[in-house]
Amino acid sequence: MSTHFTKDHEWIRVEGDEAVVGITAYAAEQLGDVVFVELPATGKSFSQGDEMAVVESVKAASEVYAPVSGEIVAVNDALEDAPQTVNEAPAGDGWFVRIKLADKSQLDGLMDEAAYNQHIG
Amino acid sequence: MSDANLHHTPLDALHIELGGRMVPFAGYSMPVQYEGIMAEHNHTRDAAGLFDVSHMGQARYVGDESALEKLITADLTALQPGEQKYTLLPNEQGGILDDLMVSRPDADGVFLVVNAATKEADFARIAKATQGKGTLEILADRALLALQGPKAKDVMARLAPDAAKMVFMQCGHFDLLGTDAIISRSGYTGEDGFEISIPAAEADRIARALLAEAEVKPIGLGARDSLRLEAGLCLYGHDMDETKTPVEATLMWAVAKPRRERKDFPGAETVMAMFADGPQRKRVGFTMAGAPAREGAEIVKDGNTIGVVTSGGFGPTVGGPVGMAYVDTEFAVPGTEIEILVRDKARPATIAKMPFVEQRYYRG
Numbered sequence: 092m093s094t095h096f097t098k099d100h101e102w103i104r105v106e107g108d109e110a111v112v113g114i115t116a117y118a119a120e121q122l123g124d125v126v127f128v129e130l131p132a133t134g135k136s137f138s139q140g141d142e143m144a145v146v147e148s149v150k151a152a153s154e155v156y157a158p159v160s161g162e163i164v165a166v167n168d169a170l171e172d173a174p175q176t177v178n179e180a181p182a183g184d185g186w187f188v189r190i191k192l193a194d195k196s197q198l199d200g201l202m203d204e205a206a207y208n209q210h211i212g
Numbered sequence: 100m101s102d103a104n105l106h107h108t109p110l111d112a113l114h115i116e117l118g119g120r121m122v123p124f125a126g127y128s129m130p131v132q133y134e135g136i137m138a139e140h141n142h143t144r145d146a147a148g149l150f151d152v153s154h155m156g157q158a159r160y161v162g163d164e165s166a167l168e169k170l171i172t173a174d175l176t177a178l179q180p181g182e183q184k185y186t187l188l189p190n191e192q193g194g195i196l197d198d199l200m201v202s203r204p205d206a207d208g209v210f211l212v213v214n215a216a217t218k219e220a221d222f223a224r225i226a227k228a229t230q231g232k233g234t235l236e237i238l239a240d241r242a243l244l245a246l247q248g249p250k251a252k253d254v255m256a257r258l259a260p261d262a263a264k265m266v267f268m269q270c271g272h273f274d275l276l277g278t279d280a281i282i283s284r285s286g287y288t289g290e291d292g293f294e295i296s297i298p299a300a301e302a303d304r305i306a307r308a309l310l311a312e313a314e315v316k317p318i319g320l321g322a323r324d325s326l327r328l329e330a331g332l333c334l335y336g337h338d339m340d341e342t343k344t345p346v347e348a349t350l351m352w353a354v355a356k357p358r359r360e361r362k363d364f365p366g367a368e369t370v371m372a373m374f375a376d377g378p379q380r381k382r383v384g385f386t387m388a389g390a391p392a393r394e395g396a397e398i399v400k401d402g403n404t405i406g407v408v409t410s411g412g413f414g415p416t417v418g419g420p421v422g423m424a425y426v427d428t429e430f431a432v433p434g435t436e437i438e439i440l441v442r443d444k445a446r447p448a449t450i451a452k453m454p455f456v457e458q459r460y461y462r463g
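Protein chains in written order, with this note's numbering: chain A, 92 to 212; chain B, 100 to 463.
Hints in this document: simulated from the structure, not taken from any laboratory.
Note that the structure is predicted; figures quoted are calculated from it, not measured.
There's no promise every hint is true.
Here's a subset of chain A near chain B, in silico, CB distances under 10 Å, partners left out [as the list claims (entries may be wrong)]:
hint: 1; residue: Phe127
hint: 2; residue: Asp141
hint: 3; residue: Glu142
hint: 4; residue: Ser148
hint: 5; residue: Val149
hint: 6; residue: Ala152
In silico BS3-like pairs for lysine-lysine, Cα to Cα no more than 30 Å straight-line [as the list claims (entries may be wrong)]:
hint: 7; chain 1: A; residue 1: Lys98; chain 2: B; residue 2: Lys444
hint: 8; chain 1: A; residue 1: Lys191; chain 2: B; residue 2: Lys227
hint: 9; chain 1: B; residue 1: Lys362; chain 2: B; residue 2: Lys400
hint: 10; chain 1: B; residue 1: Lys184; chain 2: B; residue 2: Lys381
hint: 11; chain 1: B; residue 1: Lys362; chain 2: B; residue 2: Lys381
hint: 12; chain 1: B; residue 1: Lys444; chain 2: A; residue 2: Lys135
hint: 13; chain 1: B; residue 1: Lys381; chain 2: B; residue 2: Lys452
hint: 14; chain 1: B; residue 1: Lys444; chain 2: B; residue 2: Lys362
hint: 15; chain 1: A; residue 1: Lys98; chain 2: A; residue 2: Lys191
In this text, a Cβ means the ideal position worked out from N, Cα and C, and glycines have one as well.
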């Protein structure tokens, strides 16, 4: 199990052929209070970099991009009633989607935690 | 505008010390939030919030008041000492150049508070039109604080007891912690509260003293926006501008009756004709579920575009998305079902009466 990060502040935790995706604590803090999360439908496929979800804070809407290509196999429905979970536990219960990896080699282009921490400096 | 060119209010150092997230706003570096918009919003509704609104324009006009009155929609002859009025600065087409407060805190003419983004144009317009008849003194060396919320009166009762005796839209000079302050009982949150004009040099000391009161927390522009939106109060440049008349903006209550009758404000013929005939579009409120519709979102009904959102966001007190929009008048009735395009998807919304949250002004 390994966790990777994108420059757009998503984390992706690899579990076998699948991965769980969410936004980082830094991103959640920058967004402020999350009031709504629009998640994709299960079964939908995305290419790396596609707009995959939208996070609405009190002030603004922000896009979340697919960190890797793949098919959505599950979404975190609990966020519908409790969007604030994204602020409370961004790396845990505030996950967004579970994705079936189409191309594992894409992970090599992402950052590890040390590199991400340097990125947000 | 790059950060280097931004203006700073007299409370800049305090904002940074308090952990304010500073953003450019109307040419100023301003705190959008401290601990978080939701918490700040709720604190203002429950207790008292302190806002720095020193970016707004303050001025005093002394002289022939009929020359000033011609530019605005208030009845200045009826403005008594100790009173404040909300008024508009229309252009010759009846569009709204700005909304502002005019008050008479003392015997020395009138005191004006205008929006930050429009202050230079406003003051230039007023100075030009009143040349030789009066003097407009721009009070750039004054700060403006707003103390808002149901417990603002308790704080004021301890620090300036006489100011706490005022009712909504009264104003005057009061000794506040040893400083001569111009205080009005008004604000932009829908809550009871005060706006406090003080010399810039005193602002840091007085803001710290207010924040030292148990009920008071600092509040940023983010919560100021969500509070005013829930209260149904217009944001200049968004919910009204020079392309909209007071009739369309449903602000005719800010056009004094004698001024309507005399039709002697800029654009009066256009405005009064539209008032008589009814506008084709008007400002309304709306509520919806799910993703909030933001400014610029298109409003549709049965496949036709019927309007556009001018302010929209999540209302923390309402507990859901709220907004303001301009729609064709036939769809402006509260309860009308509409659809708003959010990210190209039509989402159901309902025209709603404003304010979304009951205004709690103190009227005695």
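Comparing the hints with the structure gives:
1. Taken as an interface hint, Phe127 (chain A) checks out: its beta carbon lies about 5 Å from the nearest beta carbon of chain B, inside 10 Å.
2. For Asp141 (chain A), the shortest C-beta to C-beta distance to chain B is roughly 14 Å, which exceeds 10 Å, and the interface hint is violated.
3. For Glu142 (chain A), the suggested interface contact is upheld, since its CB lies about 9 Å from the closest CB of chain B, less than 10 Å.
4. For the restraint placing Ser148 (chain A) at the interface with chain B, the shortest Cβ-Cβ distance is roughly 8 Å, inside the 10 Å limit, so the hint holds.
5. Satisfaction of the interface hint for Val149 (chain A) is found here, the shortest Cβ-Cβ separation to chain B being roughly 4 Å, below the 10 Å cut-off.
6. Annotation: Ala152 (chain A) was flagged as interfacial toward chain B, and the flag holds, the nearest CB pair being 6 Å apart, inside 10 Å.
7. Distance hint between Lys98 (chain A) and Lys444 (chain B) is fulfilled; the C-alpha atoms sit about 28 Å from each other, no more than 30 Å.
8. Under the criterion of a C-alpha separation no larger than 30 Å, the hint pairing Lys191 (chain A) with Lys227 (chain B) is inconsistent with the structure, at around 68 Å.
9. This hinted pair does not check out: Lys362 (chain B) and Lys400 (chain B) have alpha carbons roughly 36 Å apart, beyond 30 Å.
10. Distance hint between Lys184 (chain B) and Lys381 (chain B) is fulfilled; the C-alpha atoms sit about 23 Å from each other, no more than 30 Å.
11. Only pairs whose Cα atoms come within 30 Å are accepted, and Lys362 (chain B) paired with Lys381 (chain B) is accepted, the gap being roughly 21 Å.
12. As the CA atoms of Lys444 (chain B) and Lys135 (chain A) are separated by approximately 17 Å, the hinted pair is consistent with the 30 Å bound.
13. Distance restraint check for Lys381 (chain B) and Lys452 (chain B): the Cα-Cα separation of roughly 13 Å lies within the 30 Å cut-off, and the hinted pair is therefore satisfied.
14. Note on Lys444 (chain B) and Lys362 (chain B): the hinted pairing is violated, with a Cα-Cα distance of about 45 Å set against a maximum of 30 Å.
15. A hinted pair counts as satisfied when its Cα atoms are at most 30 Å apart, and Lys98 (chain A) with Lys191 (chain A) qualifies at roughly 21 Å.
In this structure, the earlier hints numbered 2, 8, 9, 14 are contradicted, and the remaining ones agree with it.
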